[in-house]
Amino acid sequence: MLRFLLVRLLRALLTVLGCATLAFFVLRLSGDPLVALLPTDSPAELLERYRVLWGLDRPLPEQYLRYLLALARGDFGRSLVDGRDALGLVIERAGATLQLGGTVFALAILIGVPAGTVAALRRGRPSDYLTMSAAIFGYAMPNFFLGLLLILLFAMQLRLLPSSGYGTPAHLVMPAITLGTAVAAKLARFVRTSVLDVLGQPYVRTAHGKRLGSLAVIVRHVFPNAAIPVITFLGFELGLMIGGAVVTENVFGWPGIGQLLVVSVARRDLAVVQTVVMVIAVSVVSANLAVDLAYGWIDPRVRVAGGRHAG
Amino acid sequence: MPDAAPAAFPAPAAPAVVSPVLAVRDLSVAVGEGLAVDGLDLSLAAGETHCLVGESGCGKSLTCLALMGLLPAGARCRSAGLTIDGRDWAYRQGRPPPGLAMIYQDATASLDPVMTVGRQIAEALPPDLPARARRREAEALIAQVGLSNPRARFGAYPHELSGGMNQRIAIAMALAGRPRVLLADEPTTALDVTVQAQILDLLLAVQNSTGAALLFVTHDLGVVAQIADRVSVMYCGSIVERAPVATLFAAPRHPYTRGLIDSLPQISRPAARLASIPGRVPAIGARPPGCRFRPRCDRALARCGREAPVLDGTGPRGAVACFNPT
Numbered sequence: 003m004l005r006f007l008l009v010r011l012l013r014a015l016l017t018v019l020g021c022a023t024l025a026f027f028v029l030r031l032s033g034d035p036l037v038a039l040l041p042t043d044s045p046a047e048l049l050e051r052y053r054v055l056w057g058l059d060r061p062l063p064e065q066y067l068r069y070l071l072a073l074a075r076g077d078f079g080r081s082l083v084d085g086r087d088a089l090g091l092v093i094e095r096a097g098a099t100l101q102l103g104g105t106v107f108a109l110a111i112l113i114g115v116p117a118g119t120v121a122a123l124r125r126g127r128p129s130d131y132l133t134m135s136a137a138i139f140g141y142a143m144p145n146f147f148l149g150l151l152l153i154l155l156f157a158m159q160l161r162l163l164p165s166s167g168y169g170t171p172a173h174l175v176m177p178a179i180t181l182g183t184a185v186a187a188k189l190a191r192f193v194r195t196s197v198l199d200v201l202g203q204p205y206v207r208t209a210h211g212k213r214l215g216s217l218a219v220i221v222r223h224v225f226p227n228a229a230i231p232v233i234t235f236l237g238f239e240l241g242l243m244i245g246g247a248v249v250t251e252n253v254f255g256w257p258g259i260g261q262l263l264v265v266s267v268a269r270r271d272l273a274v275v276q277t278v279v280m281v282i283a284v285s286v287v288s289a290n291l292a293v294d295l296a297y298g299w300i301d302p303r304v305r306v307a308g309g310r311h312a313g
Numbered sequence: 296m297p298d299a300a301p302a303a304f305p306a307p308a309a310p311a312v313v314s315p316v317l318a319v320r321d322l323s324v325a326v327g328e329g330l331a332v333d334g335l336d337l338s339l340a341a342g343e344t345h346c347l348v349g350e351s352g353c354g355k356s357l358t359c360l361a362l363m364g365l366l367p368a369g370a371r372c373r374s375a376g377l378t379i380d381g382r383d384w385a386y387r388q389g390r391p392p393p394g395l396a397m398i399y400q401d402a403t404a405s406l407d408p409v410m411t412v413g414r415q416i417a418e419a420l421p422p423d424l425p426a427r428a429r430r431r432e433a434e435a436l437i438a439q440v441g442l443s444n445p446r447a448r449f450g451a452y453p454h455e456l457s458g459g460m461n462q463r464i465a466i467a468m469a470l471a472g473r474p475r476v477l478l479a480d481e482p483t484t485a486l487d488v489t490v491q492a493q494i495l496d497l498l499l500a501v502q503n504s505t506g507a508a509l510l511f512v513t514h515d516l517g518v519v520a521q522i523a524d525r526v527s528v529m530y531c532g533s534i535v536e537r538a539p540v541a542t543l544f545a546a547p548r549h550p551y552t553r554g555l556i557d558s559l560p561q562i563s564r565p566a567a568r569l570a571s572i573p574g575r576v577p578a579i580g581a582r583p584p585g586c587r588f589r590p591r592c593d594r595a596l597a598r599c600g601r602e603a604p605v606l607d608g609t610g611p612r613g614a615v616a617c618f619n620p621t
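Quick note, the sequences are listed as chains Z and E, same order. Going left to right, the first sequence walks through residues 3 to 313 as my numbering numbers them. Going left to right, the second sequence walks through residues 296 to 621 as my numbering numbers them.
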């Protein structure tokens, strides 16, 4: 088990490093950051001074090596805009993203799991069609469009909710709905398929044969088995969501890392963009790692396979 | 069921069961257009081992599932009444009758892969039992079905056990509900021959100790000869012959039963080739009018094409549904 974990961690580290490398080179090859940062009419000697100051005059491989060495020391570089520590800046924003992401996830699970389960249990009946139609609608609706509609209705017409900003629960409502709809819809469809599959298994018939009552059969036998593929899905979704928050955070002026990423890319704020990319990579990789560990916890058959790794 | 007065139905097939622990009258199961089980009467005495024999697709398994109320989606069933231990049971699919427990063909698939076998046994125990007693009872059941170290087995998962061990667990699970009737649907088909014999012995032993009736579904006449008290032979959804096991093997009356027995290899009868019944079981939608066995029968009369024989006859030689029995 320990060796299994070590191998997974090493692979995760390589993935993160790969993302950082990609971000590093793409940023430097896609334009001169100084042009974006300094006023357009800046004299050439000023440009040159900053270029030397930030080390951008060195050959790319040397810049890359310096970057890696700094990373190894835990130094993520400084913002070219205000000189602040890039990691601190990102962490400061991460709280807002986590708050939104956590709410969205909770919302998606609270809606998606019961909806998908009901649809599966009532297969082919009106409640199934209704739930699945709603799910397809929620899935097909682009989230920036849904966000704008919500702003129009709740902020402009009804004046119930603030159109943008951060701080109170009221601010959270619309971004959470915007992001959560699609995730809940996808989850509902996934849960339905998964539950239907399990409902057809012989062991569910056995459980009914024990006169347990439908609720006990669903809670004790159907859910634990149906959860195995759903966990995989949730792991992917968790990773995607952090990237997906970029658009929603901008629509609602939510000060998370999605917004920070867009602003920093526009300004060519190299260190900050690199750090955001790394943070996103780390969260995707850890979501996947968490899924692998959850498997072993839910499915005893995987636990045995993990044990063999260790042996 | 007020409209199901016993007098309206033919007398139960011989030999009469005095006070049956399970009696079902006129059970039919419809799958799609046709009847997979067609007007089946069955009664079991306490402690009796009753074998239900027939080729695949003749409705044996569906009979068991219908009795348990566990028919697959798309199958519909009706009956003129189900009596368990003398009490009428208001019959509904999805609600297994009390006193009935089933043992399934593929034990490993019929156990939940992510729950320990001990907990699966424990949850089949009567619901009023306190938690600590449940664990003790479950371990006692594991020991009763012949598995060593029940305390450790309690925490095992189905994939950690062999097929034979899982079938033992399934038997323990069936016993946990303290059944009056055990339905066993080909419980040894998926197992090795040596394990088959062990499971058969175990089934008979637990039947002896609990006094439950055992309805044993099989297509293996060798097993029937070994364990049965009475035998019902099924063909195309109906019972064509029912007799005590010795009578059935000594003097089969229905041509189909005779064909089945003749197709068994026998030491006393040297033969280069085993006898076989010509033709094959017709599909549900393609059953012939009259007697369903007529196209494959060497004793068919003109009448057999017009009328369907019903299971008839009381007396020691058993009942047969045939116009020209031997």
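Source of the hints: derived by calculation from the structure; they are not laboratory data. As the structure is a prediction and not an experimental result, all values here were calculated from the model. Among the hints, erroneous ones may be present.
Quick list of the computed label-pair ranges, beta carbon to beta carbon [claimed, not checked]:
no., chain 1, residue 1, chain 2, residue 2, range
1, E, A385, Z, R10, 54 to 60 Å
2, Z, S129, E, R473, 21 to 27 Å
3, Z, V221, E, S351, 23 to 29 Å
4, E, S351, Z, L132, 39 to 45 Å
5, Z, V221, E, A368, 19 to 25 Å
6, E, S443, Z, L132, 51 to 57 Å
7, E, P425, Z, I138, 15 to 21 Å
8, E, S504, Z, I138, 52 to 58 Å
Every beta carbon over 12 Å from chain E, so not counted as near; a handful from chain Z, in silico [claimed, not checked]:
no., residue
9, R10
10, L15
11, L62
12, F147
13, I179
14, T208
15, L214
16, F235
17, F238
18, R270
If we take Cβ atoms under 8 Å as the criterion, some of the chain Z residues that face chain E in the derived model are [to be verified]:
no., residue
19, R51
20, R53
21, G57
The beta carbon of each residue, even a glycine, is placed where N, CA and C say it ideally should be.
Checked hints:
1. Separated by about 56 Å at the C-beta atoms, A385 (chain E) and R10 (chain Z) satisfy the suggested range of 54 to 60 Å.
2. Evaluation of the 21 to 27 Å hint for S129 (chain Z) and R473 (chain E) yields a failure: the beta carbon distance comes to about 38 Å.
3. The hinted range of 23 to 29 Å is not satisfied by V221 (chain Z) and S351 (chain E), whose Cβ atoms lie roughly 36 Å apart.
4. Taken as a hint, the range 39 to 45 Å holds for the pair S351 (chain E) and L132 (chain Z), whose Cβ atoms sit roughly 41 Å apart.
5. Between V221 (chain Z) and A368 (chain E), the C-beta spacing of about 21 Å keeps the proposed range 19 to 25 Å intact.
6. Between S443 (chain E) and L132 (chain Z) the C-beta distance comes to about 54 Å, which sits within the given range of 51 to 57 Å.
7. The hinted range of 15 to 21 Å is not satisfied by P425 (chain E) and I138 (chain Z), whose Cβ atoms lie roughly 48 Å apart.
8. For S504 (chain E) paired with I138 (chain Z), a C-beta distance near 57 Å keeps the hint of 52 to 58 Å intact.
9. Every CB of chain E lies more than 12 Å from the CB of R10 (chain Z), the least distance being 22 Å, so the non-interface label holds.
10. Every beta carbon of chain E lies more than 12 Å from that of L15 (chain Z), the smallest distance being close to 32 Å; the non-interface claim holds.
11. Residue-level check passed: L62 (chain Z) sits 52 Å from the nearest beta carbon of chain E, beyond 12 Å.
12. Consistency note on F147 (chain Z): stated as away from chain E, and its beta-carbon is indeed over 12 Å from all of that chain's, at 39 Å minimum.
13. With 12 Å as the threshold on Cβ separation, the claim that I179 (chain Z) sits away from chain E holds: the shortest Cβ distance comes to roughly 34 Å.
14. A cut-off of 12 Å between C-beta atoms contradicts the statement that T208 (chain Z) is not in contact with chain E; the least separation is 5 Å.
15. Annotated as non-interface, L214 (chain Z) brings its C-beta within 12 Å of a C-beta of chain E; the closest such distance is 6 Å.
16. With a minimum CB-CB distance of about 18 Å to chain E, F235 (chain Z) clears the 12 Å threshold, and the non-interface call stands.
17. Listed as a non-interface residue, F238 (chain Z) keeps its Cβ farther than 12 Å from every Cβ of chain E; the least gap is roughly 22 Å.
18. With a least CB separation of 51 Å from chain E, R270 (chain Z) remains clear of the 12 Å interface cut-off, as annotated.
19. Annotation: R51 (chain Z) was flagged as interfacial toward chain E, and the flag is violated, the nearest CB pair being 65 Å apart, outside 8 Å.
20. The beta carbon of R53 (chain Z) comes no nearer than 60 Å to any beta carbon in chain E, farther than 8 Å, and the hint placing it at the interface is violated.
21. Contact between G57 (chain Z) and chain E, as hinted, is not supported at the beta carbon level, the nearest pair being about 55 Å apart and thus beyond 8 Å.
Hints 2, 3, 7, 14, 15, 19, 20, 21 from the earlier list are contradicted by this structure; the remaining hints agree with it.
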